[in-house]
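Visitor: One line per chain: the protein sequences are A and B, in this order.
Read in order, the letters of the first sequence correspond to residues 1 to 419 in the numbering used here.
Read in order, the letters of the second sequence correspond to residues 1 to 419 in the numbering used here.
Please note that a few of the clues may not be correct.
Which copy is meant is left open, so a pair is good if it fits within one copy or across any two.
[Said to hold, decoys possible] With a Cα cut of at most 25 Å, we get these calculated BS3-like pairs of lysine-lysine: (1) K322 / K282; (2) K311 / K282; (3) K180 / K85; (4) K85 / K288.
Derived from the structure by calculation, the hints contain no laboratory data.
Since the structure is predicted, the reported quantities are computational estimates derived from the model, not experimental observations.
Okay, here's what each chain looks like letter by letter:
There are 2 protein chains.
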Amino acid sequence: MADTRNAFYAQSGGVTAVINATACGVIETARAHGDRIGTVYAGRNGIIGALTEDLIDTSQESAAAIALLRTTPAGAFGSCRHKLKSLDANRREYERLIEVFQAHGIGYFFYNGGGDSADTCFKVSQLSASMGYPLQAIHVPKTVDNDLPITDCCPGFGSVAKYVAVSALEASFDVRSMAKTSTKVFVLEVMGRHAGWIAAAGGLIEDQGIPVVVLFPEIAFDEAKFLARVGALVKEHGFCTVIVSEGCHHPDGTFLAEQGTKDAFGHAQLGGAAPVVAGMVKQGLGYKFHWAVADYLQRAARHIASATDVKQAYEVGAAAVKLALEGHNAVMPTIERLGDAPYAYRIGTAPLSEVANREKFMPRDFISADGFGITEQCRRYLRPLIQGEDYPQYRDGMPVFATLRNVAVARKLPAFELR
Amino acid sequence: MADTRNAFYAQSGGVTAVINATACGVIETARAHGDRIGTVYAGRNGIIGALTEDLIDTSQESAAAIALLRTTPAGAFGSCRHKLKSLDANRREYERLIEVFQAHGIGYFFYNGGGDSADTCFKVSQLSASMGYPLQAIHVPKTVDNDLPITDCCPGFGSVAKYVAVSALEASFDVRSMAKTSTKVFVLEVMGRHAGWIAAAGGLIEDQGIPVVVLFPEIAFDEAKFLARVGALVKEHGFCTVIVSEGCHHPDGTFLAEQGTKDAFGHAQLGGAAPVVAGMVKQGLGYKFHWAVADYLQRAARHIASATDVKQAYEVGAAAVKLALEGHNAVMPTIERLGDAPYAYRIGTAPLSEVANREKFMPRDFISADGFGITEQCRRYLRPLIQGEDYPQYRDGMPVFATLRNVAVARKLPAFELR
């Protein structure tokens, strides 16, 4: 058993409806390779758990509990928004990670997150190499924003896309019912600070005959043009639905709505674009409106997860472990699309040097010429990602989700203060 | 066939995830009694369709299309917010209804709505009697607000309750994942202008170990007490979820948030209590927050409908037709609860004189002593109503909903101008 090393798994950043399916894929696959991988430790609250040596012993969880992660939304071990700065600016934290890994015999680092965590994962792999510590650092993709490069899509996105498309369709049936004497415009605000992938999913309801206007962060907002478009659709159809991305902004770069607070990564905390847009419709066109802000509901909505997304989330977790066992380092499993219809894909690999710190925006040819909708190319891209339903079990009307025991591992090192 | 009369069915007020299941129950049951009921006409956009003689011939719809209504949200024939005033104030509109009914051989009036439409239905039955026109007016209950008297619950409520409970649970798992370094308080705004039934459903997540504060319209808002409660829960659990009813108000009666606009019934149009509450949490306690406003998403959410609710919605529609055939008039089918666990009920009947214009609020003993949660009695009431899942079919990742042909019936009367 000389080549048996332990593994460390952490969830990073905003959680999703399927990040636990990835955790399930990592842990089940690691358990299936007990000859090579000892214990899978998880970071309590993400990378902070590693820095503070607050490790969870996942071997204390039953096979049934781990299996239930596949249908449990959010982060079962806790996540965090703690970005490690550059190696020069915060070498102390990177070295601490290596110390903790060393103290617990950890030779595999699986970091499950978006662009920021890909960057951290890459730096940890570089530092461990320069320190001569044998570590295989594998980044596992996760982000509802769908903005990681190279991979065709990001686990977490398909489910939020399905939630947005289904919810927007249902609400559009509602406003269509009411439009004669009451609400004529329904505005739904969705996530997406910089990239409009989630908003684009709302555009799929046009296939079902719903007049819809999508406001992307990639297209500077033009109020006059927007009101003209809404007015024309209401005149023609009697109603319309507006999908507004939280990242929608004026030509000068200011967001339609900012709460004025910033998160740990220095990103402005957004919210409230929907009431702003609805107010413009009321003032400019006089139409009665309703608006909704889906916020966490959209990314936590495991009850309407995409079966394709759940499957891929599990597969990238399983693939990460296999990549590590094959000797890979500083890579990320990707989803490589082989065909749109019928949809086909395989799990590929990308070097983290090409993943870290690059955001993938909507291609301009995925957005219609007028900037308010999606093109057939975009539809071909999106449709497979929302395919299939993967319902959780229910008991007494409520979904059955896993709440793990999350047993702590005894500390071996002095305390470490986060700064 | 001398005793064959036609029927008129109309949807009223805010639509629900299951009002079309009621329409399905009415139409399928009427079709099964073709010896007594001729054609079922539906009002295009509710009662306005009757006033303007804009009738839909539902016999033009296939059996499959009508069956699909069972899983289709919102109002398939259109609804409206048009309240008929008192007989004295607007006798003209009531008489017009009778004229239209007479012109089209309509002897059965099925009006599917909440308290306002029960009142209208009652007045129409009174007027037809005084005019000597043979009409059986049956009100069919529908309201997400669950505020009709006599009936144990209202079709539409169970599904919105399930949506709110499931969504709040999922979002609570999300905030619990993030709370260590980021969001500690998640605020979800739900519907309910005067009655806190929908908000109460959010209280069910306490059964799943989630710290939750519910803000009811029945309890005057006390900011200091609220912040103390949230602060205590976050200290104990690290996070908490707040469910705020749109009707939550200050002791002086002003709502936490009003948009300043009013609907056709003179009700203030609400929205935006969640950001107000979230701002208080930030200012008073310094916690990072997220908020969501579910708005139409909650009442249109057919994808997560309660099987119990769908069944009851269908049954009250079927019962309405049977009541009419049995010779009843000015009544409403009700749901009579026979037991909580196991849940048992039967369809009963209530005279409209006792239904019209009465709102059923949450009993004080359904709300916890501190005003921020629900009691075991309330749980026993709510639990059966969210039981069971009743999923729509999906095609290519999207739910398959009915869009009817809605063929117009030729007009026989002079035009009528709505005032």
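Visitor: Each hint should be assessed against the structure and marked as holding or not.
Guide: These are the hints, each one checked on the structure:
Neither within a single protomer nor between protomers do K322 and K282 lie at most 25 Å apart by alpha-carbon distance, with minima of 55 Å and 44 Å respectively. Taking CA atoms no more than 25 Å apart as the test, K311 paired with K282 passes in neither setting, with 43 Å inside one copy and 38 Å between copies. In this assembly of identical chains, the alpha carbons of K180 and K85 lie at most 25 Å apart only when taken from different copies (19 Å versus 55 Å within one copy). Taking the shortest alpha-carbon separations for K85 and K288, only the inter-copy value of 22 Å comes in at or below 25 Å, while the best intra-copy value is 48 Å.
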